[in-house]
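Engineer: Could you put together the complete structure from these sequences and hints?
In case you want the letters, here they are:
2 protein chains.
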Amino acid sequence: MAVNLLPPNPAELVSVPGIKVGSAPAGIKKWTRDDVLLIELAPGSRAAGVFTQNAFAAAPVQVCRQHLQAGNSIRALVVNAGNANCGTGAQGLQAAQASCRAVAELMGCKAQEVLPFSTGVILEHLPVEKIVAALPVAQANLSDTPQAWANAAAAIMTTDTIAKARSTQLVVDGVTVSVTGIAKGVGMLEPNMATMLAYLATDANISAALLPQLVKEVADASFNRVTVDGDTSTNDSFVLITSAQAAHPEINVTTDPRYAALKAALTDVAADLAQRIARDGEGATKFLTIQVTGAASVEEAHQVGKGIANSPLVKTALFASDPNLGRVLMAVGNALPSLDTQKTNVWFGDVLVVENGGRAASYTEADGQRVLAPAEISMRVDLGRGTEHTTVWTCDFSYDYVKINAEYRT
Amino acid sequence: MAVNLLPPNPAELVSVPGIKVGSAPAGIKKWTRDDVLLIELAPGSRAAGVFTQNAFAAAPVQVCRQHLQAGNSIRALVVNAGNANCGTGAQGLQAAQASCRAVAELMGCKAQEVLPFSTGVILEHLPVEKIVAALPVAQANLSDTPQAWANAAAAIMTTDTIAKARSTQLVVDGVTVSVTGIAKGVGMLEPNMATMLAYLATDANISAALLPQLVKEVADASFNRVTVDGDTSTNDSFVLITSAQAAHPEINVTTDPRYAALKAALTDVAADLAQRIARDGEGATKFLTIQVTGAASVEEAHQVGKGIANSPLVKTALFASDPNLGRVLMAVGNALPSLDTQKTNVWFGDVLVVENGGRAASYTEADGQRVLAPAEISMRVDLGRGTEHTTVWTCDFSYDYVKINAEYRT
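Chains as they are written, first to last, in the UniProt record's numbering: chain A, 1 to 410; chain B, 1 to 410.
Simulated from the structure, these hints should not be mistaken for lab results.
Heads up, some of the hints might be wrong.
A pair counts as met if it fits within one copy or between any two copies, since identical chains are not told apart.
As the list claims (entries may be wrong) - Straight-line alpha carbon distances no greater than 35 angstroms define the calculated DSBU-like cross-link-like pairs of lysine-lysine that follow:
#: 1; residue 1: 130; residue 2: 30
#: 2; residue 1: 110; residue 2: 343
#: 3; residue 1: 343; residue 2: 30
#: 4; residue 1: 29; residue 2: 130
#: 5; residue 1: 29; residue 2: 343
#: 6; residue 1: 343; residue 2: 130
#: 7; residue 1: 30; residue 2: 263
#: 8; residue 1: 263; residue 2: 130
#: 9; residue 1: 343; residue 2: 403
#: 10; residue 1: 29; residue 2: 263
#: 11; residue 1: 216; residue 2: 110
#: 12; residue 1: 30; residue 2: 403
#: 13; residue 1: 403; residue 2: 263
#: 14; residue 1: 130; residue 2: 216
#: 15; residue 1: 29; residue 2: 216
#: 16; residue 1: 403; residue 2: 110
#: 17; residue 1: 216; residue 2: 343
Structural biologist: Here it is as structure tokens:
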């Protein structure tokens, strides 16, 4: 059901010096695929992350926060699919810590240098012994090849239908720097800080002190702009890791033009992954890009974009390719009650559909149907009250969304 | 698809002295049913209303606000189904005013003494000439009989499958006071001030000065607690009208115990109508009552209740009768990020399912399935941080919700 989305092509991915990935089948659910991923970081690597704001933050999220806040060096990440280790209390924390200890023992580092991640069913205890048993195989598979990254992307999937990975490269001080990212997540998905699980790996030499800000800025311009169903998961985690092995002088201030260049490259990859998430949204048959312009602030632009993207009425109309202008106006008006509606203009694709808050004189139903027919659709709302803007990505609400969520125990 | 909901039984409705209703077929859509409703109020009647907070408030909502704010006496209400007269600019305002003038001419009152209401498709111009043409028939049908009220409830329906009306009586100073209410609305429905369209008529002798507060208090305890899809309509209107003909001394202070008694009776009727709306929610197969207790404030209780009620993941699990505890915790944690989850307890029906933020030790999947099997379900979330509480009503999200909204042009 994914919209214009292909599995990762190893020929389009790049290795990231100093970072290796390896996966293995732990049998956490009744499947035979790989479901545990190990990411090994060379000594001197740095990491920062952003996590769900949900009060029921899962045990691994709590452990990640501790390990990152303590200022530890980070040497490995361990991820499992099939069980979220959420709502599992003290036992859940112990399980997450046990997986860190097992990785540390294998890799010869400290447990606090390992970040754990889980995704899958909530409120069931993590079968940590299965993960521990699978780790030696994952370690044996550790590799920095593009194929290993494609395998890694597949190992973290839950209801995803297609694995999601993306690479880019940039040149910093004449040195080629690599960026490769993987992500998963197609439902319970309106990342508030980050998507369900996403990892960006690079070898850029950037100071550890700048990483927390960089990861937040990249998240705001990518994963925080995508929504499938407005439900923020308990396990959302987005982590940026760098081996810092690229042979250019360290980037250590945000005013450095190289910081902006690196951020742009990371954002390119992250935004592409975020869009892949909406393209593979549960039951998705349409991919919608919503631009909000003419806003007084980025925040209100975001509010309006998310308001449209999360409206069940807009999403079901989209599924039907129905140019239902009224529902879009309803969603805009709900998101921003103070709006002067007479200054509001809306375009579907290149067609002006709403002008000064009413149906555009030039608009015809045939034009509306024409632009909504494709699987890939864009919409622009101009609020007429400022110069700020944003872009939000989402998918439609189909029978299959209901089917998937009425049948799958998340 | 409605859950445990029958059409109004005239034998269970009561007349309201001084108030008559009459409907007629105007043919606003391709249907032959009555779609225009006229409500006539005897001289000396009083009215107050609460309306949508959506910035794209429809033309009739704007006219209602003007006519009520001006402190006019109100002599008639005119309602049409099939067209919302929303996003229709100056022409829409003129159409709403024209319908008021036509009613005023027929009834021998001023146009400012008429309140107009519309519900149906958005962004299409109101065929006001059809309404005007149907008014004489509606006037000829004016009657205060229970059957006329049942007909009135049917005339304002759009995607409703069942008309909604309810009566009660109370005794004030030895005098019997009557209350009859009608409502409509089953989608684009999360009233922020009131439901899509609802009218409560009484003959209680209460001062005009108290009505605005009374209508707000009643709305907060009824229509503001129901949600179908979280989408607040552009046309939400809830109006309380009284002929003030009951022969008891006027109620003119809120500290009067008779104010509380009247408010309780009105709230009974309004809450019943609100529940009928969720029972008839688009595609509904389940009716869910969510109690939130142990809150620090009513506002946060409401936030959590609405958070659960509007979560697509909770609603689809409900459709499947799936005791998906994790999704409920996810929704609670999103609604209240500051929650201490270890104090959270959740019951499905009488079964403790979550204890101290984790799966209750006594919980079995069989118990969860048993309590979620019926069409009528209750849930309680105790936040463990205070003594405030609220109740929210909603329905599930089924294939038919998608079907209805993919096919119907609201």
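Engineer: Are the hints correct? Go through all of them and say.
Structural biologist: Evaluated hints:
1. With identical chains, the CA atoms of residue 130 and residue 30 are at most 35 angstroms apart within one copy only, with a shortest distance of 12 angstroms there and 62 angstroms across copies.
2. Taking the closest pair of Cα atoms, residue 110 and residue 343 come within 35 angstroms of each other only across two copies (33 angstroms); inside a single copy the shortest separation is 59 angstroms, beyond that limit.
3. Taking the closest pair of Cα atoms, residue 343 and residue 30 come within 35 angstroms of each other only across two copies (33 angstroms); inside a single copy the shortest separation is 55 angstroms, beyond that limit.
4. Taking the shortest Cα distances, residue 29 and residue 130 sit within 35 angstroms of each other inside one copy (10 angstroms), while across copies they are farther apart (62 angstroms).
5. In this homomeric assembly, residue 29 and residue 343 come within 35 angstroms of each other (Cα to Cα) only across copies, at 30 angstroms, whereas the closest approach inside a single copy is 53 angstroms.
6. Proximity of residue 343 and residue 130 under a CA criterion of 35 angstroms is satisfied inter-copy only: 31 angstroms between copies versus 59 angstroms inside one chain copy.
7. Taking the closest pair of Cα atoms, residue 30 and residue 263 never come within 35 angstroms of each other, the shortest separation being 40 angstroms inside a single copy and 57 angstroms across copies.
8. Taking the shortest alpha-carbon separations for residue 263 and residue 130, neither the intra-copy value of 38 angstroms nor the inter-copy value of 60 angstroms comes in at or below 35 angstroms.
9. Proximity of residue 343 and residue 403 under a CA criterion of 35 angstroms is satisfied inter-copy only: 33 angstroms between copies versus 40 angstroms inside one chain copy.
10. Taking identical chains as interchangeable, the C-alpha atoms of residue 29 and residue 263 are never at most 35 angstroms apart, the minima being 37 angstroms within one chain and 55 angstroms between chains.
11. Taking the shortest Cα distances, residue 216 and residue 110 sit within 35 angstroms of each other inside one copy (26 angstroms), while across copies they are farther apart (60 angstroms).
12. For a Cα distance limit of 35 angstroms, the shortest separation of residue 30 from residue 403 qualifies both inside one copy, at 20 angstroms, and across copies, at 33 angstroms.
13. Taking the closest pair of Cα atoms, residue 403 and residue 263 never come within 35 angstroms of each other, the shortest separation being 39 angstroms inside a single copy and 43 angstroms across copies.
14. Taking identical chains as interchangeable, the C-alpha atoms of residue 130 and residue 216 lie at most 35 angstroms apart only when both belong to the same chain, with a minimum of 33 angstroms there against 57 angstroms between chains.
15. Taking CA atoms no more than 35 angstroms apart as the test, residue 29 paired with residue 216 passes inside one copy only; the shortest distance there is 33 angstroms, against 51 angstroms between copies.
16. For the homomeric pair residue 403 and residue 110, neither the shortest alpha-carbon distance inside one copy (44 angstroms) nor that between copies (54 angstroms) is at most 35 angstroms.
17. In this homomeric assembly, residue 216 and residue 343 come within 35 angstroms of each other (Cα to Cα) both inside a single copy, at 33 angstroms, and across copies, at 31 angstroms.
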